[in-house]
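If you want the building blocks of each chain, they are given just below.
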Amino acid sequence: MSDFAIETKKLRIYYGENEIIKGIDLKVPKNVVFALMGPSGCGKSTLLRAFNRLLELNKEARVEGEVLILGKNVYGNGVNPIDVRKQVGMVFQYPNPFPHLSIYDNVAIGLKLNHLVKSKEELDERVKWALEKAFLWDEVKGRLDDYPASLSGGQKQRLVIARALALKPKILLMDEPTANVDPIGTRKIEELLFELKREYTIVLVTHEPMQAARVSDYVGFLYLGKLVEVGLTREIFEKPKHELTEKYVTGVLV
Amino acid sequence: MSVLQKIKRIDGFKIITSPAVMFVFLLFAWMLIVYFYNALPAFVREGLATYFKNVWQATEEASKEHYGLLAAIWGTVYTSIIAILVALPLSIAYSVFVIDYAPKKIKNALIVLSDVMAGLPTIIYGIWGVFVLVPLLQKYVMFPLHKHLSFIPIFSSPPITGYSYFSAGILLGIMVTPFASAIMREAYQMIPFTYREAAIASGMTRYEATKTLLGYIKPAIFSGMILAFGRAVGETVAVSLVIGNTFNLSIGLFSPGYTISSLIANQFGNAFIYEHMLPALYAAGLALFIIGLAVNIAGLYLFRKWEKNVRI
Numbered sequence: 000m001s002d003f004a005i006e007t008k009k010l011r012i013y014y015g016e017n018e019i020i021k022g023i024d025l026k027v028p029k030n031v032v033f034a035l036m037g038p039s040g041c042g043k044s045t046l047l048r049a050f051n052r053l054l055e056l057n058k059e060a061r062v063e064g065e066v067l068i069l070g071k072n073v074y075g076n077g078v079n080p081i082d083v084r085k086q087v088g089m090v091f092q093y094p095n096p097f098p099h100l101s102i103y104d105n106v107a108i109g110l111k112l113n114h115l116v117k118s119k120e121e122l123d124e125r126v127k128w129a130l131e132k133a134f135l136w137d138e139v140k141g142r143l144d145d146y147p148a149s150l151s152g153g154q155k156q157r158l159v160i161a162r163a164l165a166l167k168p169k170i171l172l173m174d175e176p177t178a179n180v181d182p183i184g185t186r187k188i189e190e191l192l193f194e195l196k197r198e199y200t201i202v203l204v205t206h207e208p209m210q211a212a213r214v215s216d217y218v219g220f221l222y223l224g225k226l227v228e229v230g231l232t233r234e235i236f237e238k239p240k241h242e243l244t245e246k247y248v249t250g251v252l253v
Numbered sequence: 000m001s002v003l004q005k006i007k008r009i010d011g012f013k014i015i016t017s018p019a020v021m022f023v024f025l026l027f028a029w030m031l032i033v034y035f036y037n038a039l040p041a042f043v044r045e046g047l048a049t050y051f052k053n054v055w056q057a058t059e060e061a062s063k064e065h066y067g068l069l070a071a072i073w074g075t076v077y078t079s080i081i082a083i084l085v086a087l088p089l090s091i092a093y094s095v096f097v098i099d100y101a102p103k104k105i106k107n108a109l110i111v112l113s114d115v116m117a118g119l120p121t122i123i124y125g126i127w128g129v130f131v132l133v134p135l136l137q138k139y140v141m142f143p144l145h146k147h148l149s150f151i152p153i154f155s156s157p158p159i160t161g162y163s164y165f166s167a168g169i170l171l172g173i174m175v176t177p178f179a180s181a182i183m184r185e186a187y188q189m190i191p192f193t194y195r196e197a198a199i200a201s202g203m204t205r206y207e208a209t210k211t212l213l214g215y216i217k218p219a220i221f222s223g224m225i226l227a228f229g230r231a232v233g234e235t236v237a238v239s240l241v242i243g244n245t246f247n248l249s250i251g252l253f254s255p256g257y258t259i260s261s262l263i264a265n266q267f268g269n270a271f272i273y274e275h276m277l278p279a280l281y282a283a284g285l286a287l288f289i290i291g292l293a294v295n296i297a298g299l300y301l302f303r304k305w306e307k308n309v310r311i
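As given, the protein sequences belong to chains Z and D, one line each in that order. The numbers in the first sequence follow numbering that gives the first Met the number 0, run straight up by one, and end at 253. The numbers in the second sequence follow numbering that gives the first Met the number 0, run straight up by one, and end at 311.
It is possible that part of the hints are untrue.
Okay, the calculated bits of chain Z under chain D, using three or more residues with CB under 8 Å as the criterion [as the list claims (entries may be wrong)]:
hint	stretch
1	97-103
2	160-171
3	241-251
Lysine-lysine pairs mimicking DSBU-like chemistry, simulated, CA-CA at most 35 Å apart [what the hints assert, rightly or not]:
hint	chain 1	residue 1	chain 2	residue 2
4	D	K210	Z	K71
5	D	K210	Z	K140
6	Z	K117	D	K217
7	Z	K119	D	K103
8	Z	K169	D	K210
9	Z	K9	Z	K246
10	D	K103	Z	K58
11	D	K217	Z	K119
12	Z	K58	D	K13
13	D	K217	Z	K187
14	Z	K26	Z	K8
15	Z	K85	D	K217
Since the hints were made in silico from the structure, they are not lab data. Values in this document were obtained by computation on a predicted structure and should not be read as measured data. Positions of the beta carbon are idealized from the N, C-alpha and C atoms, including for glycine.
This is chain Z alone, in the form it adopts within the complex:
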């Protein structure tokens, strides 16, 4: 077993002829919130989607190098991406619970399809557990059969977090999870991150340096496909080594 939750080696990602990620070596320790920050279009979301092989949905995308999840290269021979995705849950920029499934089924669907529970009782149990973990249970326990349309943006996003947690992953990838959520919802999700990092490793993509400063333990600054600087969040924000990083965290570089 590796000491790191995620490790990339000479990772390069191309869309057709364009090189989006230009050789990244990154180490994400376990049980931390690791923020990937950088201006729009720097490749944060692309990098994140390399960790659970979600890039494969895009026929143009091509990955070179290695991504080790808990020590195992997910791009190695014979690795089933579905097994990777069960270990690495994901939350998206747009709160996307399935609108045609009830709140309950949104959490249960992955469990049902992957036969991860043996009985209806166990399923109920796990759904409740995941919703509690996501700080949503108290708000929805009386209306599990309602559709997500009745939830606020922040609640929807916590439902998506519950959907990911239900599969009991080790790692959670979050792609700007608060970009479409109001300030109160944002605060709740940020509080949730502190709770979740005890058991999970969280990689949080954000384009707001302030959010990275608030919630993360480590931060990586990504600029034009290159990792400019990585380190403890406090150090990066207090005395950045690189001029670009300093400009970014002080808001000069957008």
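Keeping the supplied structure of chain Z fixed, place chain D upon it in accordance with the hints.
Below, chain D without anything else, positioned relative to chain Z:
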């Protein structure tokens, strides 16, 4: 307010468009009235038996004439249901294949092809049905099913000519598939990418993700089916070539039968010979009208109800 201001407040576009809208409504009402008025003598003479009895006595002696449309109504509903059952899997499969699996080069060709198929004159399907589809179905599907499974009521009737509810239903199913799949294809293509990502990121296989996303466009699938049912109910030429045109009231798939539209098409030419046949045919048309209306209203109602629950 001056006259000039008043004139300015009149919306010119509204003035031009409202008569067109009114015209559509009037036309609808007018048709309904014409059908009802002309069918009235049949209702007066036969009562409810017009729709609930299977009888077709066309004689020169007017007092012995009797017309009950049950066989044709049954045939219409039966063949249309078969058509839907055939078209549903075909059109879903076609839509998913075109959007998800077809290589870019043939994707557009496939879309154009299905649109052309939707627009082909129905007589082309009819002739193909008579000379190709019916003999094939008779030899390879109907005979074996009848031979081995004739204890099941729907397979009990012998496929003597091949012209039957079954043949008509299958042919209709093939004919309406391009219509149904056009709607589904559009809807399937418009599913936001983020839901596909969500499905795949939740550890679903491609098949499971597709199934989940099809759930998302259920209303479109439903509308496609309603539209297909509407087309199947009204289809005339192709059906009258392969259904056998017999006043038969049977659950047996391989029995010949009648549909309302094939009945009207077949009998209208000589209806004037008989004293009471024309009102009966008008009553048949009215039944078709009502079936179409009922299916569409039911479809819209269910669609709205679904839509209300699943707003994004």
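Verification of the supplied hints:
{"no.": "1", "hint": "97-103", "result": "holds (count 4)"}
{"no.": "2", "hint": "160-171", "result": "holds (count 3)"}
{"no.": "3", "hint": "241-251", "result": "violated (count 0)"}
{"no.": "4", "hint": "D:K210 <-> Z:K71", "result": "holds (31 Å)"}
{"no.": "5", "hint": "D:K210 <-> Z:K140", "result": "holds (27 Å)"}
{"no.": "6", "hint": "Z:K117 <-> D:K217", "result": "holds (29 Å)"}
{"no.": "7", "hint": "Z:K119 <-> D:K103", "result": "violated (43 Å)"}
{"no.": "8", "hint": "Z:K169 <-> D:K210", "result": "holds (27 Å)"}
{"no.": "9", "hint": "Z:K9 <-> Z:K246", "result": "holds (26 Å)"}
{"no.": "10", "hint": "D:K103 <-> Z:K58", "result": "holds (11 Å)"}
{"no.": "11", "hint": "D:K217 <-> Z:K119", "result": "holds (26 Å)"}
{"no.": "12", "hint": "Z:K58 <-> D:K13", "result": "violated (49 Å)"}
{"no.": "13", "hint": "D:K217 <-> Z:K187", "result": "holds (34 Å)"}
{"no.": "14", "hint": "Z:K26 <-> Z:K8", "result": "holds (9 Å)"}
{"no.": "15", "hint": "Z:K85 <-> D:K217", "result": "holds (27 Å)"}
Of the numbered hints listed earlier, those contradicted by the structure are 3, 7 and 12.
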